[in-house]
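Same order as they appear, the protein sequences are chains A and B.
Positions in the first sequence are counted from 1; adding 11 to them yields this note's numbering.
Positions in the second sequence are counted from 1; adding 68 to them yields this note's numbering.
No lab work stands behind these hints: they were computed from the structure.
No experiment lies behind these values; they were computed from the predicted model shown.
Accuracy of the hints is not assured; some may be wrong.
What the hints assert, rightly or not - Across the chosen pairs, the derived CB separations fall in these ranges:
#, chain 1, residue 1, chain 2, residue 2, range
1, B, N200, A, L164, 23 to 29 angstroms
2, A, G41, B, A175, 39 to 45 angstroms
3, B, I96, A, D25, 29 to 35 angstroms
Said to hold, decoys possible - Cβ-to-Cβ under 7 angstroms is the rule here; a few derived chain B residues that face chain A:
#, residue
4, G136
5, Y209
6, K250
Quick reminder that beta carbons are idealized off the backbone N, C-alpha and C, glycines included.
Residues per chain, in single letters:
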Amino acid sequence: MLTKRIIPCLDIKDGRTVKGVNFENIRDAGDPVELGALYAAQGADELVFLDITATNERRKTLSALVNKIAHHINIPFTVGGGIVSVDDVSVLLQNGADKISVNTSAFKNPGLVKELAKEFGSQCVVLAIDTKKESDGNWYVYLNGGRVKTDKLCFDWAREAVELGAGEILLTSMNNDGTKQGFALDITRQLSMNLPVPVIASGGAGTMEHFADVFEQSGADAALAASIFHFKEIGIPALKEYLAEKGIAMRL
Amino acid sequence: MKLVIIKYNAGNIQSVLYALERIGATAIVTDDIAEIKVADKVIFPGVGEASTAMRYLKERKLDQVIAGLQQPVLGICLGMQLMCRYSEENNTDCLGIFNEDVKAFTASATAAIKIPQIGWNNIYHLKTPLFNGVKENSYCYFVHGFYAALGEHTIAATEYGIEYSSALHRDNFYGTQFHPEKSAGVGEQILKNFIEL
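Construct all of the structure, not just a fragment, from the sequences and the given hints.
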């Protein structure tokens with residue numbers, strides 16, 4: 012049976028993990044390769060590396076980093092951040108990335124999703140959406156790391172992107188992100204029940220119950236988190252055992 | 069041991085090379101027919117679309133070369149599907165090494181599956197030394213929208229909406245639908261087993 016996936020996310024700046032990590036058993040907590048390998052060994056099902064470097068050197072440092080990750084990590088990984096063209100993706104895939112994620116650039120140029128799917132296959136095109144529930148009760152798409160609001164409804168954009176060829180949706184709720192109060196079950200459910208592609212829920216994980224809730228109540232295919240893993244508030248092996256005991260399909 | 073990875077217009081080839089490096093094996097990536105023919109073991113990987121890949125192989129006569137190999141050959145994902153008889157993916161005639169046909173996953177009322185299948189699924193009814201030391205129901209990583217039906221050459225099965233071949237074997241030819249290069253320790257064991265065949 013296909014399992015639900017647990018995905019740690021690592022934010023990268025200038026080739027180093029940022030947002031802080033708290034592990035005694037690795038030599039260099041800032042080294043994304045070492046941290047990624049540790050998560051892989053602990054049973055993470057996939058990894059996401061999100062590059063937030065803002066300099067012109069980004070492209071070169073990122074492809075070198077992806078190459079190093081690909082050499083050392085024996086599970087699939089996705090790379091995102093600043094991807095705007097087929098060429099950007101080609102370099103990352105050639106260096107061993109399994110999937111790439113696009114966000115703002117795809118919203119501004121939806122043709123990019125189509126081009127990427129045609130060139131590399133839908134299976135490696137992840138559409139990342141940052142979304143926020145407004146006072147009118149609707150979920151809207153935000154761009155540029157959540158700084159720019161759009162008038163587009165999250166569900167409408169997700170559906171359009173899937174029609175263009177996105178093979179997976181990485182959905183981050185800005186209302187929930189950082190709160191540790193649980194995932195946004197309603198919008199996650201709306202996407203995962205109505206779209207034919209897998210949905211990765213992100214934002215709000217604080218307890219093991221939150222993961223059970225997002226799988227059982229919203230039908231998410233995968234759940235992503237960062238700080239609770241980095242700060243060892245929840246261990247991946249314990250989390251996966253807990254979910255398996257609840258009857259959720261897990262790779263143990 | 070001379071290990072060759074066949075280079076063609078499909079993705080994910082570097083990942084196989086790196087996975088082999090992690091288990092201490094060195095391989096060369098080439099589309100040179102002479103190099104492929106003299107290899108001790110050949111890996112035929114790939115993520116991509118069947119008709120485009122077959123056209124590329126035919127243009128370079130790699131189709132005949134692969135089908136004529138005598139040494140152990142391991143097809144991975146699209147590589148395995150291309151070793152089958154026929155693929156529904158753009159009605160493509162494939163290499164015909166395995167008698168099984170490749171069909172599209174379809175969602176139905178009884179199987180509300182998402183397509184492509186992306187993620188970890190278990191493999192069972194394991195046969196042949198390719199799976200030495202691999203436990204029944206081990207999890208492997210899959211990414212695919214088409215599958216090989218069950219048949220006489222099935223050496224592992226997986227269920228996703230329906231039960232299908234997650235690995236095939238005939239004579240010196242092996243194929244896995246899953247990606248051993250991305251399947252953590254289980255995948256590494258399978259790659260080691262192939263190298264030791």
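The hints, checked one at a time:
no.: 1; hint: N200/B x L164/A: 23 to 29 angstroms; result: 53 angstroms, violated
no.: 2; hint: G41/A x A175/B: 39 to 45 angstroms; result: 44 angstroms, holds
no.: 3; hint: I96/B x D25/A: 29 to 35 angstroms; result: 34 angstroms, holds
no.: 4; hint: G136; result: 29 angstroms, violated
no.: 5; hint: Y209; result: 6 angstroms, holds
no.: 6; hint: K250; result: 5 angstroms, holds
Hints 1, 4, counting from the list given before, are not met by this structure.
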